[in-house]
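Model the placement of chains B, C and D on the given structure of chain A, informed by the hints.
Chains as they are written, first to last, in this note's numbering: chain A, 1 to 251; chain B, 252 to 502; chain C, 503 to 753; chain D, 754 to 1004.
No lab work stands behind these hints, which were simulated from the structure alone.
Hints should not be assumed to be uniformly reliable.
Chain C side only, calculated, beta carbon under 8 Å to chain D, not exhaustive [unchecked claim]: (1) Val588; (2) Lys687; (3) Thr719.
No farther apart than 30 Å at their CA atoms in a straight line, the calculated lysine-lysine pairs in the DSS-like style are these [what the hints assert, rightly or not]: (4) Lys69/A - Lys460/B; (5) Lys711/C - Lys822/D; (6) Lys460/B - Lys185/A; (7) Lys505/C - Lys833/D; (8) Lys582/C - Lys80/A; (9) Lys331/B - Lys833/D; (10) Lys268/B - Lys209/A; (11) Lys150/A - Lys209/A; (12) Lys938/D - Lys582/C; (13) Lys320/B - Lys185/A; (14) Lys331/B - Lys228/A; (15) Lys331/B - Lys981/D; (16) Lys254/B - Lys185/A; (17) Lys460/B - Lys148/A; (18) Lys650/C - Lys833/D; (19) Lys272/B - Lys185/A; (20) Lys962/D - Lys571/C; (21) Lys938/D - Lys523/C; (22) Lys687/C - Lys770/D; (23) Lys730/C - Lys962/D; (24) Lys254/B - Lys80/A; (25) Lys938/D - Lys730/C; (26) Lys479/B - Lys833/D; (27) Lys774/D - Lys687/C; (28) Lys228/A - Lys460/B; (29) Lys331/B - Lys69/A; (30) Lys519/C - Lys774/D; (31) Lys460/B - Lys17/A; (32) Lys582/C - Lys833/D; (33) Lys822/D - Lys582/C; (34) Lys687/C - Lys833/D; (35) Lys228/A - Lys981/D; (36) Lys505/C - Lys519/C.
Here are the simulated distance ranges between beta carbons [said to hold, decoys possible]: (37) Tyr155/A - Thr531/C: 22 to 28 Å; (38) Ser646/C - Ser988/D: 39 to 45 Å; (39) Leu78/A - Ser988/D: 25 to 31 Å; (40) Ser988/D - Ala733/C: 48 to 54 Å.
Here the structure is a predicted model, which is why all the values come from computation and not from measurement.
Cβ atoms here follow ideal geometry from the backbone N, Cα and C, with glycine treated the same way.
4 protein chains.
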Amino acid sequence: MIKEGERAILIDERGRKYLVKAERRQLHTDFGVLDLAELIGAEPGARIRSHVGREFVVLSPRVVDYLQKMRRMPQIMLPKDAAQIVAYTGVGPGDSVVDAGAGSGALAIFLGNLVRPNGRVVSYEVREDFAKVAEENIALAGLSDVVKVKRKDIYEGIDERDVDLVTLDLPQPERALAYVDGALKPGGHLAVFSPCIEHIQRLYVELQKYRFTNHRTIECLVREFEVKPGATRPSTRMIAHTGYLTFVRKI
Amino acid sequence: MIKEGERAILIDERGRKYLVKAERRQLHTDFGVLDLAELIGAEPGARIRSHVGREFVVLSPRVVDYLQKMRRMPQIMLPKDAAQIVAYTGVGPGDSVVDAGAGSGALAIFLGNLVRPNGRVVSYEVREDFAKVAEENIALAGLSDVVKVKRKDIYEGIDERDVDLVTLDLPQPERALAYVDGALKPGGHLAVFSPCIEHIQRLYVELQKYRFTNHRTIECLVREFEVKPGATRPSTRMIAHTGYLTFVRKI
Amino acid sequence: MIKEGERAILIDERGRKYLVKAERRQLHTDFGVLDLAELIGAEPGARIRSHVGREFVVLSPRVVDYLQKMRRMPQIMLPKDAAQIVAYTGVGPGDSVVDAGAGSGALAIFLGNLVRPNGRVVSYEVREDFAKVAEENIALAGLSDVVKVKRKDIYEGIDERDVDLVTLDLPQPERALAYVDGALKPGGHLAVFSPCIEHIQRLYVELQKYRFTNHRTIECLVREFEVKPGATRPSTRMIAHTGYLTFVRKI
Amino acid sequence: MIKEGERAILIDERGRKYLVKAERRQLHTDFGVLDLAELIGAEPGARIRSHVGREFVVLSPRVVDYLQKMRRMPQIMLPKDAAQIVAYTGVGPGDSVVDAGAGSGALAIFLGNLVRPNGRVVSYEVREDFAKVAEENIALAGLSDVVKVKRKDIYEGIDERDVDLVTLDLPQPERALAYVDGALKPGGHLAVFSPCIEHIQRLYVELQKYRFTNHRTIECLVREFEVKPGATRPSTRMIAHTGYLTFVRKI
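This is chain A alone, in the form it adopts within the complex (with noise of 0.2 Å):
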C-alpha cells in the first residue's frame, strides 16, 4: 500500500510512464488531469483515471524508475555498462564500494541499490553542483543511508579501506592507482569506465607497478530489436559507443 509522500509510478495507455509522489496535488497530462491524493493508500496494480477518463496504472517504483526518471548530469555510462560490473565483479548485498566521480550519481545509485541494506557505497565528487543533484537523487531513489557523496578530489586519496569494489569514471583514472590499491581489499576489483581509447593505454602503462591480476578490457553493446507480425528486425539505430570498462582485481 502506498502511504501519503511516498513515492509511485504511473504509466498510462501508451505506456508512458511518470513518476509521482502520493499528495494532495494535481498532476497535469496531455491525458487530462490526474488527482494524486487517489494514490494515498492505493495498491499496486491500483487503476486511477484522469478528468477525462483515461486510465494509468500505479505501480511502486523500482531502482530502475528512478534511474530513468531522475535528473542527469552529462554522463554517459548507461545500465548496460554499469551492468558488467556486475558480471566481472559480482558485486552484490554487503559490498563496500568506492566510486569518483559521482556525476549525477547513476552509478552509485546502481551499486547501491546492490549492496543494501548493509553495504556501503561512498561517491567522490569535487564539483559542488555535481554532488548536489548525486544527493537529490540518492535521496529520491530511497538510498540515503546505503550511498554518500564525499565532497573530495580521489586523486589527493581514498579514505576507505577493506573495499570490495572501486568504480572510477574519470579523466585520468591512472591518477588514483595507488589510492585504489591502498582501498582495496585482497580480492578486491577495479572497475573503470573510459570513454577514449588513449584513457586505457595510459591506465594500462601504470597499472604495470600494481599487483593485479585478471586485466580485462571489454566494450558492451546493446542492440534493440523490432518484434513485428513479419516485420522483426534490430532498430535502424543504436548507440554505438559509451566506453570502454576495465577490470582488475587485486590479489
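Only chains B, C and D this time, still in chain A's reference frame:
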C-alpha cells in the same frame, strides 16, 4: 580468516585460478604440490608456496569465482546476458524470483547472490540430472538458503505469487505466459532468453493476450580488447551470439 | 581537362562537396558566389575562388560522388552493403547483371561502375516514378550505356540469360527465384537484400527447391571512429541495421 | 567451354570446392578419383563423376574462387575489408592503383579484378618470399597483365604518378605519406589498413601535414547467420576484428 572446510581461491603466478577447500589434503598443480591445510586460519591476501617454491595468493571466493569454476551443463547464457537482467529490471536485495529451467543453476546462483539474504529464487527444473547438478552448484556457492530447485514443469504452473521477476530460458517460453502473469506482482518483470529468433516471434504473438508493457528485445555483445604498448586492438575472435533477451513488465 | 557541359566536384575549405556542371552559370554558396564557367578547361586539382575570395578545389567526379549527391528514393541499402556483394560474388568488368527493383538506381549505378564498359546491368522497376528517377541518376553518373532500367515486374519473369549476378531488393524475393534460376549461368550468384528476418525465413524455404549452393546470410556493420589527439573513440551513434544479405550460387 | 590447361572449379555433393586444371591427370578425393581430362571441352554447369559414381559440378572460376583457394601468407585483411575500399573510393575499371605490401597478393588481386583490363595495380613488396607467392597467385588468377609486383620498399618512394588509389597495409603507413601525396592525382584516394589503434593515432598526426580531405576511419564487422526452419540465429562465433580502415582523399 578462512576456517577449516571453507572454500578459498588460489591464484598462481600466471593468474590461473583454483577453487579449493581448506582441508587436510594435498593439491597437485603443474607449479608443484600444495598443502591445503595451510589455508586454515589464513587471511585473504596471504601467500602460500608449493613444494617447489612457487607462490599462490589466497583469496575468499566471490560469486564470479563460483560461476566460473562450477560444473556447467549445456547452456549458453553468459554473465554478460544475466547482467542485462539487472540493467533492465533492477533486481536486487529482497526480491522474489522464479527461474526456469534451472540447467546447471548458473542464472539462479547469479540472481540468488543479488537478492540475498532476504530474497528468494525458486528455479524450476524437470530433468533430475540437471536438478542435482544445480543443487550441488548452489550449495558450492553457499546459497542453499536463498535458491531452491523445484522439480516441476513450469509449463504446468507456477506456485509462487507476488513475484518481482520471472526469468525463462526455455524452448517454448510462450507456454508459461499465463502462469507468469499470475505469479508476477504488478510492476514485476519477465525476462526471456531465446537463442533463436523464432522463439521471440512466437512469444510476441502470445504476449498480445496479456497486459504487459514496455516490451523490449535486445542482444548484448561484449568485445574484449588486447591492450599492449603499441598494439592495442579488439580481440580477433568473439562470442557473436548467445541469445536474445526480451523484457516485459506486468501492469 | 574538364570540358563544357561535363560534371565536376567542388570541395570548399570545410571539406563540403558540390556536384556541378561546367557551364556559363553562377553557383551561390554560403562561402560566396562562384562562376562555373571557370571550370571549363580547368584541370582536376585546380582552385577557383568565390567573389569573397574563398577557395574551392576542382575535381573530376568518381562514382562515390554521384552516389552521394544523386536524388535518393526511400531505400536503405548502403554502399557498405553493396560492397559486400563484391566481396562475396567477385562481380567485376564484363559481368552481366540483373537487378530488381531499381529504386533510385543506387545499386544499379554501383554495379554498373564495376562491370563497365563491356558488362551490362538491367534493373527491373514497376513504379514509373522510381524508374524515371533511376534513369536520371544513371545519366548523371554517365552510365546510360551500361545500365538500363526495364519497366517490368520481375515477379513475372526475367528476360536475360547467362547472367553472372542477380541482385534482389524486394519484399518477396522468393517469388522471383524460379526466374533467377533460369537467368543465371552455372556458377552465377544471387544476392538478396532483406531488411526483415521474415523475408529470409521465407526465402530459405523456397531455396530448397533449387540447386543452389553456398548459402550464406550475413549482416554488415560499419562503425565510424573519431580520431583526435588524446580522444580516439568510436562514434557515439551508428546505423545499426540496414538489412541482411543472402548469397547463393547456381550449380 | 573449358580448354586444356585452363582452370576449373569442381563442387562436390557437400558443396566443397576444388580449384583444378583441365589436364590429363587424376584427382584423388574422399568422394573417389576423378579424371581431370574430362574437363577439357566441358561447359560450365556440366557434371562429371568419380570412379565410385559421386557427382561433381564443373564451373569456371571467378575471382572469389581464386582468393579462397590461393596460397595465403600471414595477413589478416579479409574480402569484407577490401570491399569497403570499393564502397569508400569507388575503385573500378581503368583505375591506376598502388598497393603495399603485397603479402600474398590477395588485395592486389581483388583490386586487379576490378580495374581490368585497362587499369593497373602495382604492388610493392620488400620480402622476396612474399613477392614470389604473390606473383604465383596473380598468375593463378589470370591477372599477370594487370597486377605487377614491384620489389621495392615503399618507405623509400613511389615511382607511379597520377594514381587513383593507394592502399597501404604496413606497420608504419605514416612513413609513406609524402610519397603517396606525390603519387595520387587530385581527387585520388588513400586507404590504410591498420590492425592496431596506435597505427591510426600516428597516422593522423602525420596526415595533418598534407592537404587531404574527408578523413574517415571505420571498422567493418560481418556477422554470419544460421537460417534453419525454427532455428534462425547469428552464428555463435565471429571474426571480431581484422583491422581498421582509414580513408582520405587528396585535394
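These are the hints, each one checked on the structure:
Given hint, valine 588/C at the interface with chain D, holds; its Cβ is 5 Å from that chain's nearest Cβ, closer than 8 Å. With 8 Å as the threshold, the beta carbon of lysine 687/C comes within range of chain D, its nearest partner Cβ sitting at about 7 Å, so the hint holds. Against a cut-off of 8 Å between C-beta atoms, the interface hint on threonine 719/C holds, since the closest Cβ of chain D lies about 4 Å away. With a C-alpha separation of about 29 Å, the suggested pair lysine 69/A and lysine 460/B falls inside the 30 Å cut-off, and the hint holds.
About 29 Å separates the Cα atoms of lysine 711/C and lysine 822/D, which keeps this hinted pair within 30 Å; it holds. At most 30 Å may separate the alpha-carbon atoms for a hinted pair to count; lysine 460/B and lysine 185/A exceed this at roughly 51 Å. For the proposed pair lysine 505/C and lysine 833/D, the alpha carbon gap of about 37 Å is over 30 Å, so the pair is violated. Of the pairs offered as hints, the one joining lysine 582/C and lysine 80/A holds, with about 28 Å between alpha carbons and a cut-off of 30 Å not exceeded.
Only pairs whose Cα atoms come within 30 Å are accepted, and lysine 331/B paired with lysine 833/D is accepted, the gap being roughly 28 Å. As the CA atoms of lysine 268/B and lysine 209/A are separated by approximately 22 Å, the hinted pair is consistent with the 30 Å bound. Among the hinted pairs, lysine 150/A with lysine 209/A is consistent with the structure: their alpha-carbon atoms are about 28 Å apart, no more than 30 Å. Between lysine 938/D and lysine 582/C the alpha-carbon distance is near 25 Å, which keeps this suggested pair within the 30 Å criterion.
For the hint pairing lysine 320/B with lysine 185/A, the CA-to-CA distance comes to about 22 Å; that is within 30 Å, so the pair holds. Between lysine 331/B and lysine 228/A the CA atoms are separated by roughly 26 Å; this keeps the pair inside 30 Å, and the hint holds. Restraint check for lysine 331/B and lysine 981/D: satisfied, since their Cα atoms lie roughly 26 Å apart, inside the 30 Å limit. The suggested pairing of lysine 254/B with lysine 185/A holds, with an alpha-carbon distance near 18 Å, which does not exceed 30 Å.
Distance check on the hinted pair: lysine 460/B and lysine 148/A sit about 44 Å apart at the alpha-carbon level, beyond 30 Å; violated. Proximity of lysine 650/C to lysine 833/D is assessed by CA-CA distance (about 28 Å); at most 30 Å being required, the pair is judged to hold. Note on lysine 272/B and lysine 185/A: the hinted pairing holds, with a Cα-Cα distance of about 21 Å set against a maximum of 30 Å. Simply put, lysine 962/D and lysine 571/C have alpha-carbon atoms about 29 Å apart, close enough for the 30 Å limit, and the pair holds.
Distance check on the hinted pair: lysine 938/D and lysine 523/C sit about 21 Å apart at the alpha-carbon level, within 30 Å; holds. Using a Cα cut-off of 30 Å, the hinted pair lysine 687/C and lysine 770/D holds, with the two alpha carbons roughly 18 Å apart. For the hint pairing lysine 730/C with lysine 962/D, the CA-to-CA distance comes to about 15 Å; that is within 30 Å, so the pair holds. This hinted pair does not check out: lysine 254/B and lysine 80/A have alpha carbons roughly 37 Å apart, beyond 30 Å.
Between lysine 938/D and lysine 730/C the alpha-carbon distance is near 27 Å, which keeps this suggested pair within the 30 Å criterion. Distance hint between lysine 479/B and lysine 833/D is fulfilled; the C-alpha atoms sit about 26 Å from each other, no more than 30 Å. In summary, the hint linking lysine 774/D to lysine 687/C is supported, as the alpha carbons are separated by about 21 Å, within the 30 Å threshold. The hinted pair formed by lysine 228/A and lysine 460/B meets the criterion: a straight-line CA distance of about 15 Å does not exceed 30 Å.
For the proposed pair lysine 331/B and lysine 69/A, the alpha carbon gap of about 25 Å is at most 30 Å, so the pair holds. For the proposed pair lysine 519/C and lysine 774/D, the alpha carbon gap of about 49 Å is over 30 Å, so the pair is violated. Using a Cα cut-off of 30 Å, the hinted pair lysine 460/B and lysine 17/A holds, with the two alpha carbons roughly 21 Å apart. Note on lysine 582/C and lysine 833/D: the hinted pairing holds, with a Cα-Cα distance of about 9 Å set against a maximum of 30 Å.
Between lysine 822/D and lysine 582/C the alpha-carbon distance is near 25 Å, which keeps this suggested pair within the 30 Å criterion. With a C-alpha separation of about 25 Å, the suggested pairing of lysine 687/C with lysine 833/D holds against the 30 Å cut-off. Of the pairs offered as hints, the one joining lysine 228/A and lysine 981/D holds, with about 20 Å between alpha carbons and a cut-off of 30 Å not exceeded. Between lysine 505/C and lysine 519/C, the direct Cα distance comes to roughly 20 Å. Compliance with the 30 Å bound is thereby established for this hinted pair.
In this structure the hint that tyrosine 155/A and threonine 531/C lie 22 to 28 Å apart at CB is violated, the actual value being about 49 Å. Evaluation of the 39 to 45 Å hint for serine 646/C and serine 988/D yields a pass: the beta carbon distance comes to about 42 Å. A hinted range of 25 to 31 Å holds for the C-beta pair leucine 78/A and serine 988/D, which are about 27 Å apart. Taken as a hint, the range 48 to 54 Å is violated for the pair serine 988/D and alanine 733/C, whose Cβ atoms sit roughly 34 Å apart.
In this structure, the earlier hints numbered 6, 7, 17, 24, 30, 37, 40 are contradicted, and the remaining ones agree with it.
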